[in-house]
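S.K.: The chain contents come next:
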Amino acid sequence: MSEPGLGSANNDTGVPSPARNPSLSRRAFLTLGARALFLVGLGGAVRLAGGRGTVLRPPGALPGAEFLSSCIRCHKCLEVCPTGIITSVLLTEAVLGAGTPRLDFTRGYCELCMKCAEVCTTGALVVADAGSVKLGIAHVDPENCVAWVWGGCTKCYKACPSQAITLDEMQRPVVDVSKCNGCGTCEYVCLSTVVRSYVSTRGKGIVVRPLAGDS
Amino acid sequence: MKRIQPSSGQLQLEAHLAGGYVIKPKAFRICTALAVAVAIALSAVLKVGTGTPCSFGIGGISTICPLGAAQLLLAGRKAAPQLLVALGATLLGVVLFGRLFCAWVCPTSLLRAVFQRRSTARPGRAMSATSPVPTDAQAEPPVTTAAPSQPSDGLEPWLRYSRYALLAGTLVASLLFRFPVFCLVCPVGLFFGTVFAILRLFQRQQASLELLLYPAMLAAELTLLRDWCRSLCPLGLLLGAIGTLSPVGRPAVDKEKCLAARGVDCRVCQRVCPQHIDLKSSQGLAHKIDCTRCLECYDRCPVGAIAAWPLKAPRRRPGRRHAKGAITRG
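Chains as they are written, first to last, in this note's numbering: chain A, 1 to 215; chain B, 1001 to 1330.
Because the hints were derived from the structure by calculation, they are not lab data. Accuracy of the hints is not assured; some may be wrong.
Simulated restraints on C-beta separations [what the hints assert, rightly or not]:
no.: 1; chain 1: B; residue 1: P1247; chain 2: A; residue 2: D129; range: 41 to 49 Å
no.: 2; chain 1: B; residue 1: I1058; chain 2: A; residue 2: H139; range: 33 to 41 Å
no.: 3; chain 1: B; residue 1: P1157; chain 2: A; residue 2: T54; range: 28 to 36 Å
no.: 4; chain 1: B; residue 1: R1077; chain 2: A; residue 2: T54; range: 21 to 29 Å
These figures come from a predicted structure and were not determined experimentally. Using N, Cα and C, we set each Cβ at its ideal position, and we do this for glycine too.
For reference, chain B alone in the conformation it holds in the complex:
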């Protein structure tokens, strides 16, 4: 039985776009999330007034955090027309893009990517270190495809229902206590709360408790609740549930190209997936709710069998592994 290590494939952002640059999706994701954070901080300094992801927009067109909106609707027990308009615009976006926000905008994944980089600097090495699959793969009996896939992160499956519990708790708490309760601990809010605390420090020479407490809470959530995005985040759950049928960036496996068709037990796509989605088994709804469109599977598939509409499956030379770290820069 042959096991394929994840190759460091490349995302060719069609050469005419970047003039021959080859950018890894992870780097692209970090840059996007960083650009959003910087743009929001700049907008605060320059008085543009885009707001934070809690409610983002310019002029009359705004989006609103669907979880925040749900909490306000329950807390206030009334609906302002502008809130409904913003919520409608947001829902339209989520129906199209699903949980794209999670991988490309949410500061949680930005911080994860930046601070966990040291341990996962080399994709190939990092995978063998974090993967629960034994490295002496040759000695292991062959795994049949019919065998249930073991939880690849060592977490018990029922823990993933925590996010439903947190969502229910959030809504009940907001209804009872009449203010948006989850916003107190939301990592997005804590991140931008920190940004505004820093701005206050420079603009008003006002040092506040937020300057220390918000980053500390954020760090605690990222380190103690490592499974936040997958098992706990009610916002991610809501976005995923609304965007269940969203077409953009959803990975689709070409069953003929996939190594499984040749009897190879390749689990690269599942192992590189931050959400541990097994694309090859038809998990149905669960997998549709979870995918954050991070494009890791699309990028790392050794045979280029995964397309993510509108991106076509990347071309890979058959029978050749991609050289490690072969990142060409124009």
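If we strip away everything but chain A, and leave its shape as in the complex, we get:
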């Protein structure tokens, strides 16, 4: 948006008045209309561009689109998280959700303390019962999982606080979808990025993915 017609009308006439000058009033109308439409256009463009992908939200988050229309992007939840696992969605990840909270289990896991939901001013995060809340579901990636590729690792099986991981006949981890609450402990303790760093840099052998419908 530029400043149109800066000083063009009031150089010699003193006080310009849209009422006195029909061309000016038309210009005023068009300019003001363009400025209002700029934001509508921006909103539409971002809505079209930024709806892809799913995001792992903090506990008690409203589902998908409802979260986007409720979060004011104030970063309070991010600040209070004691394990520091809440980070913000980046512009490069989703323009529409830029600045909204996202979980990142590389430096910790969710203790379901609900502090993030307690500080939320807008009700985008609602304090939920720690026993029943579900952040997402862990998925084993056979290409990265040490137990699948080499065998011998039972890190996530031992760490899971919900006993949602069992071992199959080959001693490989299997996630019980009904028991897993997506707390991210398994992803946090997974060693694949460390012990397989010379072989592969693809990522963790077990990753928490958002429930379907979370955007």
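Here the structure of chain A is known, so what remains is to put chain B in place on it, guided by the hints.
M.R.: Below, chain B without anything else, positioned relative to chain A:
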């Protein structure tokens, strides 16, 4: 006809408060806005969780950006009770303090004050440089008070309706696309977005696009849209409209003390005002919406004719101009 250049008057923050220090309101404003920004960054590092001005608070007591709240209400088409409570607390504050936020907290005015300092380092000189009033004032015919005041910034008056257009656009866009659209370009959000991008860089060793894009957008808004605060900002408009009757810090001219009563065409208060408010003409509602309580007029009035409740008009020695740069530091 005598014209008075703005004097560098002083705001005496009652000596017992600061132990003889004399602080200019502008410096005080910069310090306040800076302190808020630093406090918010510190709160993020120390996990206090005050949030940003988008929603600021400690524990159960929170404020919420009224424009953000309006957008969420339209986007979500529902109202969470905690949002309404925060909005109520905020509205109460705005009813009392009006647009005080604009001059004292908003990072836009902080950045303006810091980065435009070089060009306006000396108030006296800067005024004659930026003022549209010709410097050869003696040669000009006397201006009668009845003459309509010319736009002192060279902008056409109707451009000031842009903020109404932006506010309408913001609300319609949020209603249609169901997310807070203005927050994408809000300078307050961009500023604190930059702060959090910097924190991410150090805390998570994560360099993001925000680190470059947000400051660039902010710089573009501050340089290309110079009239942002006065003509464009829908948040300022909303705060001003809600705080139309707010009593705190509103400048009031003592008509008997004012130089206009002695027939002097002094326009210092209007020229030092970032919003170009003409206190002497009764512009009514428009001026009430615009005032950001920056106290520049209060500070610079050569005869101390302007009070800003609860601050009484500063005492000025009659008939004596204040020495330039007479800032005494205790």
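S.K.: If a hint holds in the structure, say so; if it doesn't, say that too.
M.R.: Against the structure, the hints come out as follows:
In this structure, P1247(B) and D129(A) meet the distance hint of 41 to 49 Å, their C-beta atoms being roughly 47 Å apart. The given range of 33 to 41 Å is respected by I1058(B) and H139(A), whose C-beta atoms sit roughly 39 Å from each other. Taking the beta carbon of each, P1157(B) and T54(A) are about 49 Å apart, not inside 28 to 36 Å as hinted. Taking the beta carbon of each, R1077(B) and T54(A) are about 23 Å apart, inside 21 to 29 Å as hinted.
Hint 3 alone, counting from the list given before, is not met by this structure.
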